[in-house]
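J.: Just so you know, the sequences run in chain order A, B, C and D. Numbered as in the working numbering, the first sequence ends at 424 without a single skipped number. Numbered as in the working numbering, the second sequence ends at 424 without a single skipped number. Numbered as in the working numbering, the third sequence ends at 424 without a single skipped number. Numbered as in the working numbering, the fourth sequence ends at 424 without a single skipped number.
Bear in mind the hints are in silico, worked out from the structure with no lab data behind them. Among the hints, erroneous ones may be present.
Same chains, same names: a pair is fine if it fits in one copy or spans any two.
Unchecked claim - EDC-like cross-link-like pairs, simulated, lysine to aspartate or glutamate; straight-line CA separation at most 20 Å: (1) 227 - 403; (2) 361 - 327; (3) 361 - 239; (4) 361 - 255; (5) 201 - 105; (6) 361 - 162; (7) 195 - 343; (8) 201 - 299; (9) 238 - 191; (10) 201 - 137; (11) 201 - 170; (12) 361 - 158; (13) 238 - 198; (14) 285 - 407; (15) 195 - 177; (16) 195 - 241; (17) 227 - 343; (18) 361 - 113; (19) 361 - 91; (20) 361 - 298; (21) 361 - 163; (22) 227 - 298; (23) 195 - 113.
There are 4 protein chains.
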Amino acid sequence: MLIIMNREATHEQIQNVVAYIESLGLRAHEIPGESRTAIGITGNQGALPAAQFEELPGVVQAVRVTKSFKLVSRETKPEDTIVQVGDVRIGGTELTVIAGPCSVESREQIFKSAELVKRSGAQLLRGGAFKPRTSPYSFRGLGKQALDWIQSAGKEYDLPVVSEVVDIESCEMALPYVDVLQVGARNMQNFTLIEIVARSGKPILLKRGPAASLDELLNAAEYILSIGNYNVILCERGIRGFSDFSRNTLDLNIVPAVKEASHLPIIVDPSHGTGHRKMVSPLARAAVAAGADGLIVEMHPDPDHALSDGYQSLYPTQLDGMIDSLRQIAPAVGRTLNPRP
Amino acid sequence: MLIIMNREATHEQIQNVVAYIESLGLRAHEIPGESRTAIGITGNQGALPAAQFEELPGVVQAVRVTKSFKLVSRETKPEDTIVQVGDVRIGGTELTVIAGPCSVESREQIFKSAELVKRSGAQLLRGGAFKPRTSPYSFRGLGKQALDWIQSAGKEYDLPVVSEVVDIESCEMALPYVDVLQVGARNMQNFTLIEIVARSGKPILLKRGPAASLDELLNAAEYILSIGNYNVILCERGIRGFSDFSRNTLDLNIVPAVKEASHLPIIVDPSHGTGHRKMVSPLARAAVAAGADGLIVEMHPDPDHALSDGYQSLYPTQLDGMIDSLRQIAPAVGRTLNPRP
Amino acid sequence: MLIIMNREATHEQIQNVVAYIESLGLRAHEIPGESRTAIGITGNQGALPAAQFEELPGVVQAVRVTKSFKLVSRETKPEDTIVQVGDVRIGGTELTVIAGPCSVESREQIFKSAELVKRSGAQLLRGGAFKPRTSPYSFRGLGKQALDWIQSAGKEYDLPVVSEVVDIESCEMALPYVDVLQVGARNMQNFTLIEIVARSGKPILLKRGPAASLDELLNAAEYILSIGNYNVILCERGIRGFSDFSRNTLDLNIVPAVKEASHLPIIVDPSHGTGHRKMVSPLARAAVAAGADGLIVEMHPDPDHALSDGYQSLYPTQLDGMIDSLRQIAPAVGRTLNPRP
Amino acid sequence: MLIIMNREATHEQIQNVVAYIESLGLRAHEIPGESRTAIGITGNQGALPAAQFEELPGVVQAVRVTKSFKLVSRETKPEDTIVQVGDVRIGGTELTVIAGPCSVESREQIFKSAELVKRSGAQLLRGGAFKPRTSPYSFRGLGKQALDWIQSAGKEYDLPVVSEVVDIESCEMALPYVDVLQVGARNMQNFTLIEIVARSGKPILLKRGPAASLDELLNAAEYILSIGNYNVILCERGIRGFSDFSRNTLDLNIVPAVKEASHLPIIVDPSHGTGHRKMVSPLARAAVAAGADGLIVEMHPDPDHALSDGYQSLYPTQLDGMIDSLRQIAPAVGRTLNPRP
């Protein structure tokens with residue numbers, strides 16, 4: 084159920100509705116918009132009668148929401164959500180580029196990466212400290228040490244930091260060090276993890292699972308919003324298909340589909356979405372042209388000696404070139420991308 | 084087997100190699116390039132010994148080709164193929180846009196469509212006369228009457244015409260009327276049809292099947308080239324996936340993959356690739372940004388009353404807007420798109 | 084629209100309804116059932132008013148059919164269709180096994196195959212004369228010569244013959260030689276071919292395309308029935324998926340789904356459905372246990388020297404063993420499989 | 084690396100090899116077989132030289148294993164693994180059937196379920212206490228209360244209990260109550276969870292993720308074995324495809340593929356694999372015929388009023404009928420299924 088308040092509804096009227104909802108043992112989610120406030124109700128088992136809400140002062144309408152997701156829905160909040168990370172605004176007019184190595188491998192490697200990322204014009208630094216790996220015998224990241232190094236590198240080059248967490252322990256470890264917590268594709272429906280990261284209050288980068296439908300992706304995001312954390316950035320990173328030429332099938336159709344169904348920002352990961360260095364820049368351009376709010380790409384100072392995912396990591400000069408071409412495309416989709424620093 | 088000739092090889096030397104190949108009961112395919120000529124050999128059952136060819140005058144090297152396709156391969160011909168249709172060059176610097184209704188429905192409808200297509204800046208007119216339809220009870224096109232109308236409309240507005248053929252009968256009927264023969268996705272591995280259209284000598288628009296791998300697509304094209312028709316335009320139109328938000332999954336990863344593996348041009352069909360009018364322009368932009376040589380899109384003067392595919396056909400003004408935005412993106416990928424006439 | 088006649092409706096009443104339907108410019112399809120006759124109507128563009136039919140003598144009810152397929156629907160004809168091929172009944176209590184080599188390679192090979200097939204207890208002989216192949220350079224079958232040989236082998240060992248046709252030419256060539264015409268997976272939506280084989284009046288083996296939905300499969304069959312040929316055998320042969328352990332993904336879920344939606348028999352091809360000899364027998368057993376009416380399997384007297392698909396062809400003794408185990412499973416699903424001759 | 088010991092190797096020789104491996108900072112996994120012992124080595128970053136191991140007394144051969152999984156591989160251990168749960172042996176000649184409701188809903192419901200499961204001849208009781216659900220607003224299970232009830236019901240009817248855990252908290256809660264810990268499909272690559280359940284030492288039921296390859300499934304199991312817990316039961320439960328007639332696509336090809344690649348038992352879940360009650364029994368029969376070691380199926384005393392997954396839960400009499408028909412199929416695949424108690 085979604086309660087739409089009058090444009091002129093007072094603060095008291097809104098609080099009154101919230102109090103009434105809570106008196107029923109339900110949860111109220113205030114969703115302030117540009118022109119009016121809406122209040123989402125969650126926690127009800129069955130349908131609620133609209134009439135009892137529509138009689139409250141300041142209420143225009145009580146809308147039954149048929150989709151299982153509510154808070155992420157554009158019906159609930161027509162305006163785009165902008166997620167603020169430091170000085171960076173994700174989901175606004177300015178495109179966001181997140182870049183860096185798959186894994187933090189050494190202090191030197193991540194500082195060099197940060198320098199190159201900054202130089203390219205990208206605004207955030209990525210780097211893995213905890214790596215979920217298909218095989219138990221693969222390199223799984225340097226943990227706390229990596230977090231400490233990437234935080235220092237981010238500070239040195241004035242870049243907020245994005246890093247993946249995989250469980251409660253890594254989440255607690257990462258909290259003091261990172262600015263955006265990433266939930267990886269394999270964990271999109273690890274609801275325990277999702278609730279833990281949601282409660283941190285930090286912005287969350289939520290990657291679409293390789294077999295996830297739009298409904299499942301938005302419901303996973305709904306878990307986060309239903310806990311009261313509205314700072315969610317969705318990410319398309321390729322789905323599993325039958326391709327004989329790419330690691331995954333990058334599904335850019337989802338970009339306009341998300342834009343229609345939800346107010347949340349969506350970025351694209353062309354590194355995992357293609358799995359081949361040569362394809363990254365073309366698909367990065369495509370993602371921006373399709374309307375994505377930004378990109379997350381793997382770049383390594385020396386990809387040929389990377390400990391993980393080297394074959395899909397850009398060379399530093401490729402990152403520069405990619406961002407230069409995005410700067411040309413941005414105006415065609417009503418976006419900007421600031422010049423290199 | 085591929086015979087690479089010396090840069091300075093004479094015409095006689097080339098003819099000598101061709102004659103030798105034919106004397107073995109095999110077929111020789113001369114592939115002139117910018118700097119040197121190559122000669123593809125087909126018709127051999129097993130491997131051929133390289134040495135016997137390398138001794139012929141003017142031959143640099145005889146290369147065993149491990150892929151099952153040869154003539155479509157960029158190894159065979161490093162330079163991009165440009166397919167010339169009237170004054171339009173598909174595969175060069177200039178982007179190509181093909182637009183028009185799913186089906187030719189009436190003389191008036193296709194003339195109005197042609198006028199709108201011309202006005203938008205698109206260079207070719209599409210319109211179906213023979214429609215393969217899932218159900219035997221659906222509208223299957225107006226056949227010869229449609230061909231006559233679309234030819235007249237194309238002439239009136241100086242637009243070469245693209246139309247699908249589905250069998251030997253429709254192919255024979257269409258030949259005097261159309262400039263490009265389209266082989267639809269359902270027929271990508273209808274090899275009898277492919278050989279028939281190939282023999283026409285006309286340019287062929289070959290659509291990727293909904294479950295076709297890159298290898299299968301390029302082998303289907305190889306059928307056409309092996310018959311001696313080198314004027315093939317590939318087309319990505321969406322693959323079958325599990326999407327709950329689009330009719331098909333548009334697979335733009337294949338664009339750079341084709342560019343690397345083959346010299347043939349590739350265009351993209353965002354109408355079938357998404358199945359929703361609202362998604363067509365974003366994905367059209369994405370296709371161009373990914374490096375496609377052009378687009379084929381459905382536009383109808385009155386989509387709400389179209390006899391087929393109305394829900395994915397652009398309104399005329401949407402076509403104008405789409406092309407305007409492509410014009411902005413083109414320079415970022417080293418392309419041009421001429422101003423509206 | 085489907086007209087349900089009274090159990091006691093007379094022949095005159097039925098002919099009267101047919102005549103009325105035809106007087107409207109529509110087509111009537113008489114569908115005799117065990118207890119009553121139904122009459123399907125095709126050819127109407129929009130909905131027909133039920134009332135005008137329900138007033139005719141002998142008519143119980145006129146049912147609007149919402150699915151795009153009608154004649155293949157179990158609503159239209161509740162009783163299972165049994166396709167008679169020589170003495171073999173496909174779709175009844177007795178399981179049907181079709182076996183033989185991928186391609187007819189020589190007179191000796193197909194005679195030896197027929198002998199082995201007969202010995203195993205299988206009832207029909209398969210063997211390709213026209214092979215659609217991914218690459219234009221692969222072996223494409225021996226054509227008319229192969230047809231002549233397989234017919235002779237079938238007669239010698241009293242086995243009706245199944246062979247694939249790919250176009251009008253091969254269909255005309257095959258008609259005098261074969262008992263069942265096969266439409267391959269690549270051609271499931273080659274509607275021209277489907278209509279040609281339908282008109283032959285012969286039983287048709289229609290293979291599901293690798294990306295075909297149930298709706299598409301049944302609509303392809305509907306093309307055949309709508310022309311008046313009711314002898315259609317459906318065949319599941321694996322869909323395209325992401326498998327790293329089999330050539331295709333055999334989709335046995337479709338067996339009970341077809342049984343619910345349609346009256347047509349469905350058999351399964353575990354050779355293409357798995358692509359590995361070792362998996363053929365387990366999946367053949369699974370298909371029968373899931374309720375399939377039979378199987379089509381590749382067996383070669385000498386698979387290691389087969390010209391095509393040798394890696395998925397059974398050794399002769401494996402065919403024997405497979406059929407022996409099917410004989411044990413049959414009673415659990417209310418079927419029989421006769422002892423070896 | 085895998086060290087193959089001589090058939091006559093002494094205990095001292097084996098311990099000597101283990102000690103040598105550990106002295107290199109690596110991990111040794113003793114894998115006793117029927118005729119000889121093998122020793123798996125894990126923990127090495129790069130390749131190890133075989134020669135240095137082959138010189139040790141009692142060693143026959145040191146084999147480099149190219150797959151990323153080792154301990155789950157049939158190369159490592161040729162004999163089938165049998166997982167013992169109470170008196171039930173999973174992976175042996177006797178088929179195992181696990182049945183029960185999706186969720187434990189009340190004491191009465193789970194006791195009634197247990198009675199019906201026992202009566203049917205199934206050997207284990209399933210029932211969810213912690214339910215991962217797509218939407219945050221769906222019923223998520225009764226937690227500890229449910230565990231207490233299902234344990235009591237299992238004891239009352241002498242049925243070991245299987246229940247899903249989703250995180251460290253639910254795992255700790257479940258440990259005193261359940262006999263087999265289930266890791267759900269959404270969590271197949273939640274490696275933190277997998278390591279937690281592995282350390283419990285309990286038998287683990289590991290479900291294949293909806294987009295998981297065989298390699299990924301076996302590597303997920305490898306995580307468990309690499310921790311020293313060898314009691315893993317794999318489970319196929321349907322993959323995500325494009326089906327318009329079933330919730331998932333049950334991929335029975337994986338059954339013989341697992342049997343070839345690994346020594347671990349594999350069971351099949353036809354309830355989730357089809358998503359329709361009517362399809363469950365046919366596909367259960369198919370799974371057994373394909374060689375599965377058992378089944379896990381949803382049965383509810385009153386499916387029409389189930390709190391979750393009612394539409395795919397069997398009626399009690401359907402479970403009886405299904406197991407009766409499995410009893411008929413079992414001998415065809417060299418299996419048994421004991422008569423009802």
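J.: I want to check one pair: residue 201 and residue 105. Are their C-alpha atoms no more than 20 Å apart within a copy, between two copies, both, or neither?
T.: neither (47 Å within a copy, 45 Å between copies)
J.: Reference check for the pair residue 201 and residue 170, CA-CA at most 20 Å: within, between, both, or neither?
T.: within (14 Å within a copy, 46 Å between copies)
J.: How would you classify residue 361 and residue 239 at a CA-CA limit of 20 Å: within, between, both, or neither?
T.: neither (30 Å within a copy, 44 Å between copies)
J.: For residue 195 and residue 177, with the copy left unspecified, which applies at a CA distance of at most 20 Å: within, between, both, or neither?
T.: neither (25 Å within a copy, 40 Å between copies)
J.: At 20 Å max between alpha carbons, let me know whether residue 361 reaches residue 163 within a copy, between copies, both or neither.
T.: For residue 361 and residue 163, the Cα distance is within 20 Å only across copies (18 Å; inside one copy 33 Å).
J.: Could you place residue 285 and residue 407 in one of the four classes (within, between, both, neither) given a Cα distance threshold of 20 Å?
T.: Classified as neither; 30 Å inside a copy, 40 Å across copies.
J.: With 20 Å as the alpha-carbon cut-off, assign the pair residue 361 and residue 158 to within, between, both or neither.
T.: Intra 39 Å, inter 17 Å, cutoff 20 Å: inter-copy only.
J.: First find the shortest C-alpha distance between residue 238 and residue 198 inside one copy, then the shortest across copies, and answer within, between, both or neither for a cut-off of 20 Å.
T.: Within one copy only: 11 Å inside a chain, 59 Å across chains, cut-off 20 Å.
J.: For residue 361 vs residue 298, is the C-alpha pair at or below 20 Å within one copy, between two copies, both, or neither?
T.: between (32 Å within a copy, 19 Å between copies)
J.: What label fits residue 195 with residue 241 when the C-alpha limit is 20 Å: within, between, both, or neither?
T.: Answer is within; shortest intra-copy Cα gap is 14 Å, inter-copy 57 Å.
J.: 20 Å Cα cut-off: does residue 195 pair with residue 343 within a copy, between copies, both or neither?
T.: neither (39 Å within a copy, 31 Å between copies)
J.: Between residue 195 and residue 113, at a C-alpha cutoff of 20 Å, which is it: within one copy, between copies, both, or neither?
T.: neither (43 Å within a copy, 44 Å between copies)
Hints 1, 3, 4, 5, 7, 8, 10, 14, 15, 17, 18, 19, 22, 23 from the list above are not met by this structure, while the remaining hints are.
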